[in-house]
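There are 2 protein chains.
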Amino acid sequence: MSNFINDAKWRYATKKFDATKKVSTEDFEILKEAIQLSASSYGLQPYKVFIIENPEIRAKIQPAAWGQTQIVDASHLLVFANITNFGDAEIDAYIKNLSETRGIPVESVQGYADFMKSKITTLPEEARNVWTAKQTYLALGNLLNAAAELKIDVTPMEGFEPAAVNEILGFDQLGLNASLIATIGYRHEEDATQHYAKVRKSNEELFINL
Amino acid sequence: MSNFINDAKWRYATKKFDATKKVSTEDFEILKEAIQLSASSYGLQPYKVFIIENPEIRAKIQPAAWGQTQIVDASHLLVFANITNFGDAEIDAYIKNLSETRGIPVESVQGYADFMKSKITTLPEEARNVWTAKQTYLALGNLLNAAAELKIDVTPMEGFEPAAVNEILGFDQLGLNASLIATIGYRHEEDATQHYAKVRKSNEELFINL
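Residue numbers (UniProt numbering), protein chains in the order written: chain A, 1 to 210; chain B, 1 to 210.
Be careful, since some hints might not be right.
Which copy? The list can't say, so a pair holds if one copy fits it or any two copies do.
In the PhoX-like style, the derived pairs of lysine-lysine whose C-alpha atoms are separated by at most 20 Å in a straight line are [said to hold, decoys possible]:
{"hint": "1", "residue 1": "Lys32", "residue 2": "Lys21"}
{"hint": "2", "residue 1": "Lys117", "residue 2": "Lys96"}
{"hint": "3", "residue 1": "Lys96", "residue 2": "Lys201"}
{"hint": "4", "residue 1": "Lys16", "residue 2": "Lys117"}
{"hint": "5", "residue 1": "Lys198", "residue 2": "Lys96"}
{"hint": "6", "residue 1": "Lys201", "residue 2": "Lys32"}
{"hint": "7", "residue 1": "Lys201", "residue 2": "Lys16"}
{"hint": "8", "residue 1": "Lys9", "residue 2": "Lys32"}
{"hint": "9", "residue 1": "Lys201", "residue 2": "Lys60"}
{"hint": "10", "residue 1": "Lys151", "residue 2": "Lys96"}
{"hint": "11", "residue 1": "Lys201", "residue 2": "Lys9"}
{"hint": "12", "residue 1": "Lys198", "residue 2": "Lys48"}
{"hint": "13", "residue 1": "Lys151", "residue 2": "Lys48"}
{"hint": "14", "residue 1": "Lys198", "residue 2": "Lys16"}
{"hint": "15", "residue 1": "Lys151", "residue 2": "Lys16"}
{"hint": "16", "residue 1": "Lys119", "residue 2": "Lys96"}
{"hint": "17", "residue 1": "Lys198", "residue 2": "Lys22"}
{"hint": "18", "residue 1": "Lys201", "residue 2": "Lys151"}
{"hint": "19", "residue 1": "Lys198", "residue 2": "Lys9"}
{"hint": "20", "residue 1": "Lys117", "residue 2": "Lys32"}
{"hint": "21", "residue 1": "Lys48", "residue 2": "Lys96"}
{"hint": "22", "residue 1": "Lys198", "residue 2": "Lys32"}
{"hint": "23", "residue 1": "Lys201", "residue 2": "Lys21"}
{"hint": "24", "residue 1": "Lys48", "residue 2": "Lys32"}
{"hint": "25", "residue 1": "Lys117", "residue 2": "Lys201"}
{"hint": "26", "residue 1": "Lys21", "residue 2": "Lys117"}
{"hint": "27", "residue 1": "Lys119", "residue 2": "Lys22"}
Hints listed in this document are in silico derivations from the structure and should not be mistaken for laboratory results. The structure presented is a predicted model; accordingly, all values stated were derived computationally and were not measured.
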């Protein structure tokens, strides 16, 4: 049996966290590495991840997230922020990183840089923002899966007002947009939803063979 | 050490598959279950997954996917198709499934159904299509991670012409849109990119602590 499947069955969108339990620094570093290793379009990782432990900031965010208690009760709050108006500067930074990581001259990958720029910077800004936001879902997926292996609970959230969170965190000035929230910690024993059967489409409903 | 991290370091976007190697039925069922267990917004799984082994269809798709050889050489080709114009019918189907899965009357979750409808069906169609497309990235993430545990290679692809793939697969008539492609199989020993160092943003670049 695959460990992945067992872990995926174990996880659920936690509704109530045990506010007395903190994720250890060691475990949290593993979660960060899982996010860092995420696949992304061209490997560009067009986002930042805000790790928010500060209780005052979390209290400010809670009303912008439908009042959900996980925002303040969880051990850690993460906000995945996609880069808006992604362009040449970000691609050049990636190419510099690639050049340094692999010990090859920037000139040798200039054609690749130009190719990426031709594909990306020709898109309208709105389409680029959608594209950078999509990449945060892959990073969130890595977080969910890595956390499940460690028996750490995560609630992925789209249920918040992006404009309000952007305002609280000053994202507009940073060229960022709040794409996803994840609260991380340990399920409260009183959270009844942990016992609910998972609702999933059947094989026949989900897959089509050609 | 986390198995997740080891597997994530092992995986890479395979450029050349060994066309002689097929993923076993047993392993492929695990990959399907990983996709099926993916988190999604409200658990709605607003997509279908096309499993394409037919070589003629794959040959047709290849030119619409920048001619990439993985399309025809991989063991399996998957197309993640997000549902377009997602609406009341899909939410009602989910509620029926929830009711049956958990053995509770539909009436007891009618308020939840109405809540989801108020949040989703009030969005403009384009925003709903973006939202369903985003969910396919979580499913793809599960595929990548489950495959890595089994030492099965996957190439995630945004590099294709959605309109052309939609046309080939008749997606417009099905109310679907080609969101992502994944080719699945085993890396060719001649694929030099498997030896390249991973390029990732540093901790300092990727994470911000508040």
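Handout entry: 20 Å Cα threshold - placement of Lys60 relative to Lys201
Key = neither (37 Å within a copy, 29 Å between copies)
Exercise for the section: If the cutoff is 20 Å on CA atoms, where do Lys21 and Lys117 land: within, between, both or neither? Let me know, please. Expected result: neither (45 Å within a copy, 35 Å between copies)
Exercise for the section: Evaluate Lys198 and Lys9 at a C-alpha cut-off of 20 Å and name the case that applies: within, between, both or neither. Expected result: within (8 Å within a copy, 30 Å between copies)
Practice task
Measure nothing new, just compare the shortest in-copy and cross-copy C-alpha distances for Lys201 and Lys16 to 20 Å and report within, between, both or neither.
Solution key: neither (25 Å within a copy, 33 Å between copies)
Problem - Identical-chain pair category, Lys201 with Lys32, by Cα at 20 Å - result: For Lys201 and Lys32, the Cα distance is within 20 Å only across copies (12 Å; inside one copy 31 Å).
Problem - Homo-oligomer pair classification [Lys96, Lys151; C-alpha up to 20 Å] - result: Close neither inside one copy (37 Å) nor across copies (30 Å); limit 20 Å.
Practice task
Go through the copies and call it for Lys16 and Lys117: within, between, both or neither, with a Cα cutoff of 20 Å.
Solution key: neither (44 Å within a copy, 24 Å between copies)
Problem - Within, between, both or neither, where Lys201 and Lys21 count as close if Cα-Cα is 20 Å or less - result: neither (34 Å within a copy, 30 Å between copies)
Problem - Intra- versus inter-subunit Cα pairing at 20 Å for Lys119 with Lys96 - result: within (19 Å within a copy, 42 Å between copies)
Practice task
Could you place Lys198 and Lys22 in one of the four classes (within, between, both, neither) given a Cα distance threshold of 20 Å?
Solution key: Intra 26 Å, inter 31 Å, cutoff 20 Å: neither.
Problem - Within, between, both or neither, where Lys201 and Lys151 count as close if Cα-Cα is 20 Å or less - result: This pair counts as neither: shortest intra-copy Cα distance 25 Å, inter-copy 26 Å.
Exercise for the section: Up to 20 Å between alpha-carbons, please classify Lys32 paired with Lys21: within, between, both or neither. Expected result: The answer is within: 19 Å in one copy meets 20 Å, while 34 Å across copies does not.
Checked against the numbered hints above, the structure violates hints 4, 7, 9, 10, 13, 17, 18, 20, 23, 26 and 27; every other hint is satisfied.
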